[in-house]
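Chains A and B, in that order, are what the protein sequence lines are.
Residues 1 to 545 (our numbering) are what the first sequence spells out, left to right.
Residues 1 to 545 (our numbering) are what the second sequence spells out, left to right.
To be clear, the hints were calculated from the coordinates, so they are not data collected in a lab.
Some clues are possibly wrong.
Which copy? The list can't say, so a pair holds if one copy fits it or any two copies do.
Calculated lysine-lysine pairs in the BS3-like style (CA-CA distance at most 27 Å, straight line) [stated by the list, open to error]:
1. Lys76 with Lys165
2. Lys288 with Lys76
3. Lys165 with Lys137
4. Lys57 with Lys76
5. Lys533 with Lys58
6. Lys260 with Lys288
7. Lys288 with Lys57
8. Lys165 with Lys288
9. Lys542 with Lys58
10. Lys369 with Lys533
11. Lys58 with Lys260
12. Lys369 with Lys465
13. Lys137 with Lys76
14. Lys76 with Lys164
15. Lys57 with Lys533
Protein chains: 2
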Amino acid sequence: MTLRVALAQCNPTVGDLSGNLDLLRRNLVQTRSHDVHLVVFPEMVLSGYPPEDLLLKKHFLLECRRLLDAFAADCKDMTALVGFPEFDGDACYNSLAVCRRGRIDAVYRKCLLPNYGVFDERRYFHSGSTPLAIIEKDLSLVLTICEDIWDIETLAGSLASLPKKNVIINIAASPFHAGKLRQRQDVISAAARRFGCAVVYCNLIGCQDELVFDGRSLVFDASGTLALQGRPFREDLVVFDMSPGDSGLTIHPILVSSMKLPGDPVAEVYEALILGIRDYVRKNGFQKVLIGLSGGIDSALTAALAVDALGPRNVVSLTMPTRYNSPETIGDAKLTAENLGIDIHTVPIGDLLSHFSRALYQVPGWDEKGLAYENLQARIRGTILMSLSNQLGCLVLTTGNKSETAVGYSTLYGDTAGGFAVIKDVPKTLVYELSHYINRLHGREVIPRSVIDRIPSAELRENQKDSDSLPEYDLLDRILKGYVEQIKSGQQLIDEGFPPEVVNKVIRLIDRSEYKRRQCPPGIKITPRAFGKDRRMPITNKYSF
Amino acid sequence: MTLRVALAQCNPTVGDLSGNLDLLRRNLVQTRSHDVHLVVFPEMVLSGYPPEDLLLKKHFLLECRRLLDAFAADCKDMTALVGFPEFDGDACYNSLAVCRRGRIDAVYRKCLLPNYGVFDERRYFHSGSTPLAIIEKDLSLVLTICEDIWDIETLAGSLASLPKKNVIINIAASPFHAGKLRQRQDVISAAARRFGCAVVYCNLIGCQDELVFDGRSLVFDASGTLALQGRPFREDLVVFDMSPGDSGLTIHPILVSSMKLPGDPVAEVYEALILGIRDYVRKNGFQKVLIGLSGGIDSALTAALAVDALGPRNVVSLTMPTRYNSPETIGDAKLTAENLGIDIHTVPIGDLLSHFSRALYQVPGWDEKGLAYENLQARIRGTILMSLSNQLGCLVLTTGNKSETAVGYSTLYGDTAGGFAVIKDVPKTLVYELSHYINRLHGREVIPRSVIDRIPSAELRENQKDSDSLPEYDLLDRILKGYVEQIKSGQQLIDEGFPPEVVNKVIRLIDRSEYKRRQCPPGIKITPRAFGKDRRMPITNKYSF
């Protein structure tokens with residue numbers, strides 16, 4: 001007997017219940033044409049993930065149930081496994097509905113609830129405690145949800161009571177960071193080997209605020225060998241047969257995309273950023289984005305990513321020079337726009353800066369020598385971008401990278417002003433790698449060579465360079481990785497050989513910039529520990545080490 | 001035998017470990033002079049609460065332990081109960097150290113970890129599972145931490161194994177909202193009656209980012225009657241004797257402040273806001289604050305609160321009129337400053353507005369008829385305030401109330417620009433009540449009558465009134481309370497008799513303003529459900545009802 005399975009790796013929108021129901025139905029129709037017996041949808045596909053405090057609304061949970069019942073009524077000729085928030089009148093569970101025979105035939109409740117990093121599942125859900133296996137075509141399919149499979153000993157304890165296990169099914173909403181796929185493959189392969197059965201893993205795709213879900217659903221055979229993989233960062237329908245063979249189940253592909261990412265490790269970050277921009281813009285009802293092009297690499301990269309995500313007609317750029325901008329950077333802003341095929345408007349702000357400063361002289365203490373005057377330039381630019389965003393209905397993309405964001409090398413309401421911070425979690429060194437990658441990908445100089453080669457500068461005063469205020473980015477990024485991502489202490493970093501004065505300075509800058517980060521737009525998480533809901537530091541805090 | 005107890009209701013700063021150790025020591029010295037046997041400190045007093053992701057730093061946890069050991073060495077002649085984050089080399093606990101005989105003699109670990117509302121304790125802590133009672137002067141003192149006492153059935157189960165219970169001690173870091181005291185008293189009184197023993201409750205005071213802790217430590221006798229209360233919103237040392245009497249323990253005050261809040265229910269909100277401003281400013285290293293005075297009631301109230309918190313010399317105000325501001329409001333801004341005894345600077349922004357608009361005409365699509373032009377005025381003001389903040393080192397207090405914040409009746413980077421949003425959780429109707437309260441408290445018109453009486457307007461165009469865009473505040477605030485605080489659905493509100501078209505409009509405005517709120521400064525929680533870490537909605541969200 002052969003079981004034909006489809007993994008419907010799809011992209012729901014949080015809260016769009018009727019839209020998500022349509023998505024389920026469209027997938028059901030499509031699988032039907034492939035004679036599928038069992039279709040597997042990702043975790044929480046009905047509500048989108050994470051729905052956060054929507055889960056505190058009983059009427060939201062009841063509406064989820066109503067739509068799930070409607071969907072289950074469609075599942076007469078096949079079985080669908082659907083992730084949804086379940087409400088039993090009292091508590092809420094992260095659940096998987098077995099829809100068959102025209103109804104919700106059984107429900108599995110997630111047992112292990114992650115409550116670390118970007119996860120807050122214990123805020124919302126109660127834990128399930130009962131394992132569930134269903135029989136399809138004489139195969140016993142054990143149902144699990146995401147985290148359940150990440151603690152193999154707990155899972156082993158939980159599954160001990162099940163008499164027969166042919167396949168473990170895991171539905172997931174696993175957020176991306178660079179390198180995560182490897183971890184997932186290791187975990188799933190280990191589970192396959194430990195339990196001696198195939199593992200079928202269906203992951204969400206799409207962007208929800210700070211999180212990108214990368215799809216790449218997986219099928220491992222009972223020996224722990226990868227048999228199939230869903231498309232990266234795209235919706236996909238993976239169809240395959242499972243039939244008993246000499247050594248366990250044989251997995252036979254029916255409909256599997258051959259799409260692979262280029263070998264370059266930067267490729268997956270590029271894909272995450274593209275998907276992140278596209279989904280945030282689309283799901284929030286925007287068409288076009290607006291970007292301030294300075295002539296520097298961060299804004300050039302952001303614009304290039306936006307063009308690849310949305311097309312050049314949906315990207316508008318603006319350059320807002322003062323006398324502190326060199327002719328080269330002004331030229332480079334225009335060259336970047338030209339290379340990208342996007343509109344560029346020029347609004348010189350020198351006069352505005354003079355008028356503003358004159359107005360500010362009415363308050364004793366103002367002068368043009370300090371940081372405030374430098375930052376005023378950034379704030380005038382932020383105001384112009386936001387005014388045009390307001391007027392034209394474009395979303396402003398901000399262009400700050402993770403290195404700047406970390407040390408607060410930015411002006412609040414200035415260069416941080418906007419709706420979505422595309423490269424907020426991309427360290428400066430990776431900004432360069434991404435720029436080279438994009439140029440290679442397009443086979444031409446999309447991001448001008450001169451932009452890539454120029455010494456980084458905010459150009460807010462004469463002859464300013466980033467290195468006047470900050471260590472070289474290569475050093476800075478390694479300290480950031482240790483301090484922010486790996487939660488090392490300053491002492492540990494010093495013991496590892498980083499210069500003490502640089503470590504101390506960088507840590508001080510990071511810790512006292514928390515108030516700025518708190519008011520920045522959301523951006524796409526691509527590292528193991530991003531600022532935002534991933535790293536939650538108090539603003540008022542006297543501990544810095 | 002008499003046990004003399006002190007409740008050291010004190011105000012630590014998150015992360016300021018050596019400062020907090022000094023605070024413990026100062027209190028120890030003070031209690032010694034009163035011949036105290038047992039001094040009780042609040043939950044997590046050593047680290048401050050909540051320390052958030054500082055708890056993920058092992059070196060932070062180890063440093064806490066080192067300082068606690070140092071403090072315990074001082075506790076030779078008396079016993080101190082100290083809340084601290086405990087690290088056992090593997091997991092972290094929210095713990096209470098029994099410091100006596102010059103060492104940490106025992107440790108109790110919190111059993112019930114709140115993970116709702118503003119709490120994220122399961123992100124950081126493992127649960128304890130063992131009850132602990134200590135003997136002092138022949139009395140058996142049962143140790144509990146905050147949430148432990150809020151679920152009386154669970155507590156009863158946990159305490160069943162303890163042979164003798166004379167007193168339950170509860171150390172707490174219980175965040176304030178209006179009306180919370182009553183809830184606490186009910187819970188503690190019920191515990192006293194249920195277990196037939198006195199309950200001693202020591203609460204933190206102080207402000208940490210969005211949270212205010214209000215102190216008001218409590219002592220209930222075994223009959224469930226309130227015997228003593230610590231000062232509201234201030235540090236305090238409450239000293240009392242407990243001695244066996246005919247009907248259980250007798251509680252005899254030794255050092256108890258008679259300070260009480262006025263009967264007015266608005267009084268506690270006023271106190272919370274004053275403490276919130278004072279602590280946020282002080283703990284973040286500021287002296288002075290800067291406020292834009294529009295002549296309207298929100299900024300007048302914010303300035304009056306700031307003056308009461310910091311003194312008039314630490315409050316600087318700025319008025320930034322355009323031709324859309326009536327002579328009356330300009331006059332009222334000045335009158336407010338005069339009444340408050342604070343400096344006021346005038347920076348007219350009409351010319352800047354013209355220059356800006358002229359610059360913006362360089363981009364096709366700009367015009368002066370729309371919302372963007374109105375908002376530009378707010379953004380120019382935001383830029384001026386932030387530039388002066390930058391230059392003068394003052395913290396900008398923003399002046400938006402909860403009603404505006406809810407429906408997004410504000411300009412991002414305009415009137416939302418600043419460091420601390422004092423009345424962000426205060427609905428407009430309560431803004432009026434607070435203004436009257438302040439005038440009564442001072443026995444004079446601190447906030448001018450004309451400011452209180454004027455019809456609310458943003459004055460961003462001719463003859464604008466808030467009621468052009470929003471329902472009357474009385475109606476709006478009742479809808480907000482139902483939708484935001486009580487998590488009712490639109491349908492429920494309509495069923496309760498609210499006009500459907502108003503309900504639908506208000507809910508739509510609330511839901512689509514999430515992106516703005518996400519970039520607003522932190523502010524003081526005073527309601528049961530504040531925007532911020534209390535109410536966590538996705539930005540990308542198509543569910544609105």
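- Enumerated hints in conflict with the structure, sorted upward: Hints 2, 4, 6, 7, 8, 10 and 11 not satisfied by this model.
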